[in-house]
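Undergrad: Chain residues, written in single-letter form:
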Amino acid sequence: MNNNITLLVIMGIVVMLGLMLSVLLAVMFNFRKKNQHRRAMEQLKEMQQNQLIEAAIRSEETERHRISDTLHDEVGAILSSAKLHLLGIKQTTLDEKDKKLHEKGAGLLNDVIKRVRGISHNLHSNILKEFGLNEAIRHFLQQVTGGTLISTDTRLDEAYKGSTPEHDMSLYRIIQELINNTIKYAGATKLEINSTLVGQELVVSLIHNGNGLSQEDFETFSFRKEGLGLKNIRNRILLLKGNISFFKTSETSTVRVSLPI
Amino acid sequence: MYTYYRLFLNWSEVWPLIIALLIFVFFKQRENITIIFWLLVISLLLHTVATYISLFTYRVPEPYKNNNILYNLLAIIKPVMAGLYLLKLKQLQQYKYLKIVFLLFLLFTLFNFLFIESIFTYSSSMVLAQSAFLLIFTLTFFLDAMIDDEIPLPLSHPAYFICTAIGLSESINFFINLFIFQVFKTSYELSVLTMNISSYAFIIYGLILATGIFLNREKPRFSPFSQSI
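Protein chains in written order, with our numbering: chain C, 1 to 261; chain U, 1 to 229.
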């Protein structure tokens, strides 16, 4: 009788404890499995999102190339032909008033041809392909700020020899968009672009004395429907696994883009 | 050494609760576990008096020598307060049968102490009902955590520690409570062994609760630097 009770109590305790421990272990394994599943789903979602962004960016680049080619090969050719025709007009047969109109027309046509070529080059980014990112940035900056009131300065790290074409293209587009925004909205009179290669990371800073964006503004505007430029910047940064930060003081505004290379 | 070991076991229903309560006192809590705080306060009071009576019976006046009422009260208060805490969790609110179990437990308690047993004698059926009640609640909580496709509460939530503490101690105590009178009648050695096992179960209960409360801390209530800043 004694032994029976002892055995019953001890066995009962062991079995109950065993069952409870099994339940606890099962809960823990179950949680681990759920966490793994959730992480896998998140990764898949992120991968799909990246693929979508990549496809959008690629199609945007293709479209830019198509427009650039059309401008260069078709519109440019027609404009050049128009210029030839205009120059073919004998000036001796024209009176003074028509001569002035002819000169004005030729000047405007020249201006249009230059601008179309400029737009075509910007869209195509041939300079980026041939001379690298630093030169492309300098060229673009000179092109968009030349003749304006903005004074510019560039201090680009020459140790950076370029990454993959897609990577450099995306970074170039980001900088293009940031420069355009500074000119359009910030009202800056000084713009400085610096780049530094830190280990395996390229850090590009845009510093200007205008009214730039704060980090909060960027987060707000980049999610708005009309903020297409900022949305593109955010997507490209996301795709390149980089980081963008905005700092603002009463005197200067800084945008810092850091990207792994 | 043996004296310290005896002291450690004799007061096993007190010091783990003091540790848990001290953590409550020193740290603000992230999740609201006020019911558990009051459960600990009441348990500490009742267990301290019950342990004192059992250890120093000769010092206690005659009318107060019986500590059975305290254990009976604990067998009511613990399931009621732990049950209320668990029923307040969103995770368990969907299980209507738990409310019925809660109600049945209250009815059983009333019926038992009004018509069957006296509250002044040790009620093994009451402690057994307490164990069964708490096991039903904790097992439902764990099973729900497993069957739910999403993770209902994060694993760091104090409810997991509370349920683990209660689940482990009650699963150990269930068979002890079931055969408590037979055990006492059988042999002295077996009685000592089961009481020691029960003490260890209580230590596990208190320390797991203390861990859960510690992990649920938000910030210290008293900062030594707050005055100097």
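Hints are computed from structural coordinates only; laboratory data are not their basis. Some clues are possibly wrong.
Stated by the list, open to error - Some, not all, of what chain U presents toward chain C, calculated at C-beta under 7 Å:
| id | residue |
| --- | --- |
| 1 | I136 |
| 2 | F142 |
| 3 | A145 |
| 4 | L155 |
| 5 | S171 |
| 6 | F174 |
| 7 | F175 |
| 8 | L190 |
Claimed, not checked - Lysine to any residue pairs mimicking SDA-like chemistry, simulated, CA-CA at most 20 Å apart:
| id | chain 1 | residue 1 | chain 2 | residue 2 |
| --- | --- | --- | --- | --- |
| 9 | C | K33 | U | T121 |
| 10 | C | K241 | C | R66 |
| 11 | C | K45 | U | D149 |
| 12 | C | K34 | U | L114 |
Said to hold, decoys possible - Beyond 12 Å from chain C on every Cβ pair, some chain U residues (computed):
| id | residue |
| --- | --- |
| 13 | Y2 |
| 14 | K28 |
| 15 | N32 |
| 16 | A50 |
| 17 | I53 |
| 18 | S54 |
| 19 | I69 |
| 20 | I77 |
| 21 | K88 |
| 22 | F102 |
| 23 | N112 |
| 24 | F113 |
| 25 | L135 |
| 26 | I147 |
| 27 | I151 |
Remember, predicted model here, so these are calculated numbers, not experimental data. Glycine included, each C-beta is placed from N, C-alpha and C at the ideal position.
Undergrad: Against this structure, judge whether each hint is valid.
TA: Each hint tested on the structure:
1. I136: violated, 13 Å
2. F142: holds, 5 Å
3. A145: holds, 6 Å
4. L155: Holds. Min distance 5 Å.
5. S171: holds, 4 Å
6. F174: holds, 5 Å
7. F175: holds, 3 Å
8. L190: Because about 5 Å separates L190(U) from the closest Cβ in chain C, which is inside the 7 Å limit, the hint holds.
9. K33(C) with T121(U): violated, 49 Å
10. K241(C) with R66(C): violated, 28 Å
11. K45(C) with D149(U): holds, 18 Å
12. K34(C) with L114(U): violated, 48 Å
13. Y2: At roughly 24 Å from the nearest Cβ of chain C, Y2(U) sits farther out than 12 Å, so the non-interface label holds.
14. K28: holds, 27 Å
15. N32: holds, 23 Å
16. A50: At about 22 Å from chain C, A50(U) clears the 12 Å cut-off, so the statement holds.
17. I53: holds, 26 Å
18. S54: holds, 21 Å
19. I69: Holds: least Cβ distance 26 Å, greater than 12 Å.
20. I77: Correct as stated: the minimum Cβ-Cβ distance to chain C is 22 Å, above 12 Å.
21. K88: Given that every Cβ of chain C is farther than 12 Å from that of K88(U), nearest at about 20 Å, it holds.
22. F102: Fine: 21 Å to the nearest Cβ keeps F102(U) off the interface.
23. N112: The claim stands: N112(U) keeps its Cβ more than 12 Å from every Cβ of chain C (closest is about 23 Å).
24. F113: Its Cβ never comes within 12 Å of chain C, the nearest being 26 Å, so this holds.
25. L135: violated, 8 Å
26. I147: Given that some Cβ of chain C is not farther than 12 Å from that of I147(U), nearest at about 9 Å, it is violated.
27. I151: Label violated. Min Cβ-Cβ 5 Å, cutoff 12 Å.
Of the numbered hints listed earlier, those contradicted by the structure are 1, 9, 10, 12, 25, 26 and 27.
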